[in-house]
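**Student:** Chains W and U are the protein sequences, given in the same order.
69 is the number that this note's numbering gives to position 69 of the first sequence; each next residue is one higher, with no gaps.
89 is the number that this note's numbering gives to position 89 of the second sequence; each next residue is one higher, with no gaps.
Note that these hints are calculated values from the structure, not bench results.
Any given hint could turn out to be false.
[What the hints assert, rightly or not] Computed list of lysine-lysine pairs in BS3-like fashion (alpha-carbon distance at most 27 Å, straight line):
| no. | chain 1 | residue 1 | chain 2 | residue 2 |
| --- | --- | --- | --- | --- |
| 1 | U | K101 | W | K95 |
| 2 | W | K19 | W | K112 |
| 3 | W | K95 | U | K2 |
[Said to hold, decoys possible] Taking beta-carbon pairs under 10 Å as the criterion, some of the chain U residues facing chain W (in silico):
| no. | residue |
| --- | --- |
| 4 | Q92 |
| 5 | N98 |
| 6 | A158 |
| 7 | P160 |
| 8 | R161 |
| 9 | A166 |
| 10 | S167 |
| 11 | A172 |
| 12 | T177 |
| 13 | Y180 |
| 14 | N181 |
Don't be surprised by glycine CBs; every beta carbon is placed ideally from N, CA and C.
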Amino acid sequence: MAKELKIITDDLNFYYGEKQALFNISIELPAKEVTALIGPSGCGKSTFLRVLNRMNDIIDGTRSTGVVTIDGEDITGKDIDLVALRKRVGMVFQKSNPFPKSIFENIAYGPKIHGMTDKEELSALVEKSLTQAALWDEVKDRLGDKALNLSGGQQQRLCIARALAVEPEILLMDEPASALDPKATTRIENLIGELKGEYTIIIVTHNMQQAARVSDNTAFFYEGRLIEFGLTKGIFTKPANKRTEDYVTGRFG
Amino acid sequence: MKKLFTERVGIFFMRATTYLVVAVIGWILLDIIIKGIPGLSWEFLSTAPRRSGAEGGILPAIVGTVYLLLGTLIIALPLGIASAIYLSEYAQQGRFTNYVKRGIITLAGVPSIVFGLFGLGLFVIYLNFGASILSGSLTLACMTLPTIIVASEEALKAVPRSFREASLALGATKWETIKYNVLPYSVPGMITGSILAIGRAAGETAPILLTVAAFYLPRLPSSVYDQVMVLPYHLYILATQHPEAALIRDKQYGTALVLLLIVLGFNLIAVLYRRRFRKKYQWN
Numbered sequence: 001m002a003k004e005l006k007i008i009t010d011d012l013n014f015y016y017g018e019k020q021a022l023f024n025i026s027i028e029l030p031a032k033e034v035t036a037l038i039g040p041s042g043c044g045k046s047t048f049l050r051v052l053n054r055m056n057d058i059i060d061g062t063r064s065t066g067v068v069t070i071d072g073e074d075i076t077g078k079d080i081d082l083v084a085l086r087k088r089v090g091m092v093f094q095k096s097n098p099f100p101k102s103i104f105e106n107i108a109y110g111p112k113i114h115g116m117t118d119k120e121e122l123s124a125l126v127e128k129s130l131t132q133a134a135l136w137d138e139v140k141d142r143l144g145d146k147a148l149n150l151s152g153g154q155q156q157r158l159c160i161a162r163a164l165a166v167e168p169e170i171l172l173m174d175e176p177a178s179a180l181d182p183k184a185t186t187r188i189e190n191l192i193g194e195l196k197g198e199y200t201i202i203i204v205t206h207n208m209q210q211a212a213r214v215s216d217n218t219a220f221f222y223e224g225r226l227i228e229f230g231l232t233k234g235i236f237t238k239p240a241n242k243r244t245e246d247y248v249t250g251r252f253g
Numbered sequence: 001m002k003k004l005f006t007e008r009v010g011i012f013f014m015r016a017t018t019y020l021v022v023a024v025i026g027w028i029l030l031d032i033i034i035k036g037i038p039g040l041s042w043e044f045l046s047t048a049p050r051r052s053g054a055e056g057g058i059l060p061a062i063v064g065t066v067y068l069l070l071g072t073l074i075i076a077l078p079l080g081i082a083s084a085i086y087l088s089e090y091a092q093q094g095r096f097t098n099y100v101k102r103g104i105i106t107l108a109g110v111p112s113i114v115f116g117l118f119g120l121g122l123f124v125i126y127l128n129f130g131a132s133i134l135s136g137s138l139t140l141a142c143m144t145l146p147t148i149i150v151a152s153e154e155a156l157k158a159v160p161r162s163f164r165e166a167s168l169a170l171g172a173t174k175w176e177t178i179k180y181n182v183l184p185y186s187v188p189g190m191i192t193g194s195i196l197a198i199g200r201a202a203g204e205t206a207p208i209l210l211t212v213a214a215f216y217l218p219r220l221p222s223s224v225y226d227q228v229m230v231l232p233y234h235l236y237i238l239a240t241q242h243p244e245a246a247l248i249r250d251k252q253y254g255t256a257l258v259l260l261l262i263v264l265g266f267n268l269i270a271v272l273y274r275r276r277f278r279k280k281y282q283w284n
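Chain U on its own, in the form it takes in the complex (with noise of 0.2 Å):
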């Protein structure tokens, strides 16, 4: 009787915590969709903003925060992809390959404003590329792409050692039986946790705000050596530094949805694609 009178209050009590997480995520949600759909319209989406963002609307602040992910992507994904590889394929599997292993799963812990002064340091001044666009992809790129590489090493692992196998066996070439027999299969997973971890930093600010975030900047960029705006600082911005911060609730609250609909929009993607390449893929 005691024995199952405690499971029952335990399960009661991780039932209660399961729902309070839901219940506090669903709540931040719900503020933010019902407060920001009316600050929402076609005007606030396509126009810069005027006054500092008192009126008007975002859209050089979306197109900066959609140019550095894409930014962002193109220089993480390949790069995280071929570490992966390497440290998963080919490096020899020892306590060196250990060690470098366990530093990239601790930089993915390191806090997001020291990578931004790292970009700041490295490639706003030393390489001189001032705050552009270039230099925030860069810093996103460093600050990604150990997610990036954990997820493809996992990615990488899941395959079978014997597709590995059967594949060497009948003479191909290491090269051959990773590019035709490991990698189709674990593209799919590299892709998603890529996508997932860019999505993730599509929301940080400290990074951006010290390589490439203009604070008021109502134009859109031209080359990756011009500053943008972005959201998340521009959000910062209107909901703490702005002169008229509690009469522009409607601009906040828009922007904040604007966000987080471009982020569970990136979210979205890499499961569809994900489950797309599952079908085509399937071996278990």
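Just chain W, with the same shape it has in the complex (with noise of 0.2 Å):
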């Protein structure tokens, strides 16, 4: 069965300044699965995370070419609506980075630039959200309480939470959970788990273990270059790269 793709770069390459960042990554990234990012420090699997969603724009002198398409829509030009591209494409950030402002208004945020006016409708959304970030119940009789008093896993899942509440269709994950506990850890790779048959997750993780655990696909990058794109199993079980599998088994990294 031929799977639905949602993202699809074909021979994208990055640049910051006069420093190549990925070379001629060509991959298609299938829709509501969980897709991991591996390798070591300085492959470019952020930057290649964050092509998908601009954000590289806001460093100066970066640049790419080829082509990436969302739904078959080329998302690398420069008149390209980025307000609209966010919207779509969510993502949450290493280290958890909630406003220094009320649990409330920091789900409340997304929507409300986004034109949310109704006080009933935003509320609404706004259980929804944290509900589906699985933070609710533990917050639902505090939400007038500053974000940052919460422990570093529920700020974490507040940022999920405030990602998913301007309703995306993919969420990026840039190691988000490598700032936390054992037990948060957890808590975050359950739900990507229930989360997933609903978004297309991007993960880039330093983890193995995590990767194994919570990917259906795995790509590994190596100084830049796409090296192995293909089922977590088979990435992990037998790689067909020997570089893949020196990685995978801690050779190097």
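Can you join these two chains into the complex? Each is in its own frame, and there are hints to help.
**Tutor:** Laid out in structure tokens, this is it:
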């Protein structure tokens, strides 16, 4: 059965000024599955992630060549509506970064800037997002509290809820659990499992076990190149490439 | 042993210089407070001077100083904050922006008499505002702008990049991001820095001497085109130009104390304001 493809890149190159960070990346990411991006530090996996919502644009002097499409639409053009793109493609960062405001304000911020003003509608969306992020029960009685008073794991789930509140189709996660303790990490991983039926999730991780546990597909990056891409099962049991094997078995990285 | 001894001597000298500085400032303050308090009275604060300031109070100079500071604040704050936002958030960071920033820092060190002459040439004469509150405020605004811009830039830089990224990633535009998730956290720092800069301008004599200060004008101003008396200049006159200078120490010290209290009052407002906002938006 042919999978529905969400994101397709063709011969993508990416540059920070003179320095090339991605080389000829061609990859097809299926919809509503979890794809893990793995590879040693500086291999380009985070850069690749940030190409997908054009977050690299905020750095002066970056540019890309090649094609990146989401649902068949090229997103690399100069005149692309970044607001609309980033509404479709949400992002969760490595270090949880709630705004220094209340829990409610954190979640409601996205919908508000996209034009939602009705209080009841906002409240309903806040509840829905927090529920999706498995945080509602813990915070429902104190939505007015400062988000920064939550624990690290709760803050990261809050950031996931915040991203979900603008109702994206794709969720980019940049090492979302790397700063968390094992228990909080497990909760995030379970959450990813629950979300994948509804969202296309791309996750960057340094943790091999995590990639193996949460993802359906795995892409191995090395020195800016896509070395191998396939079903996670395959990558971890019988990788085709020697370097992939060395990396996933912990021989370097 | 020898190392330890050297260290002790070093620390001793550093401590001694610190105490010395504090002692000098304390001495000046105490001197002004002790000798100024006898000169303070309700009459001194609420009436106009008589006989060139040898009798009566300093109300017109207090009012003039406060008007001038408010004028400076109203002009310099929006301009300074707007420039800082542009420089740190929008301007492409490159050689040109760097030159502009360095130029601004250099301007902060330009002697105040130069600003005074600039104000005299541009506002008083060329734009024909005359010696007036308007000219004086504009001149002081030019003088304080560099400090306000630098302080505001620092305040903007202190906002973590992660807030901006989070906001942009949610599909906010750059301006929405700045408006909702950068400015609210940096405004306290901007205001504090600006108030401190303007408080310092309150004591300046050279710029206002050329653009607004009246030698002796014992009435209150009625418009921004009026000249006014101002405390620093009034103090200068009482202390050095007045025929009875040696006989009116109480007026001189009283004026100095009032000027000091106004400046300290400004600084106190800045500190309290910052403390209030720190509590509201604390992130580290």
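**Student:** Run every hint past the structure and note whether it holds.
**Tutor:** Quick rundown of the hints versus the structure:
1. U:K101 - W:K95: violated (31 Å)
2. W:K19 - W:K112: violated (38 Å)
3. W:K95 - U:K2: violated (49 Å)
4. Q92: Constraint on U:Q92 satisfied, holds at 6 Å.
5. N98: Violated: closest Cβ of chain W sits about 13 Å from U:N98, beyond 10 Å.
6. A158: violated (12 Å)
7. P160: holds (7 Å)
8. R161: Because about 9 Å separates U:R161 from the closest Cβ in chain W, which is inside the 10 Å limit, the hint holds.
9. A166: Since chain W brings a Cβ to about 5 Å from U:A166, closer than 10 Å, the hint holds.
10. S167: holds (7 Å)
11. A172: holds (5 Å)
12. T177: holds (9 Å)
13. Y180: Since the shortest Cβ distance to chain W is 7 Å, the answer is holds.
14. N181: For U:N181, the interface hint holds, since the closest Cβ of chain W sits about 6 Å away, which is under 10 Å.
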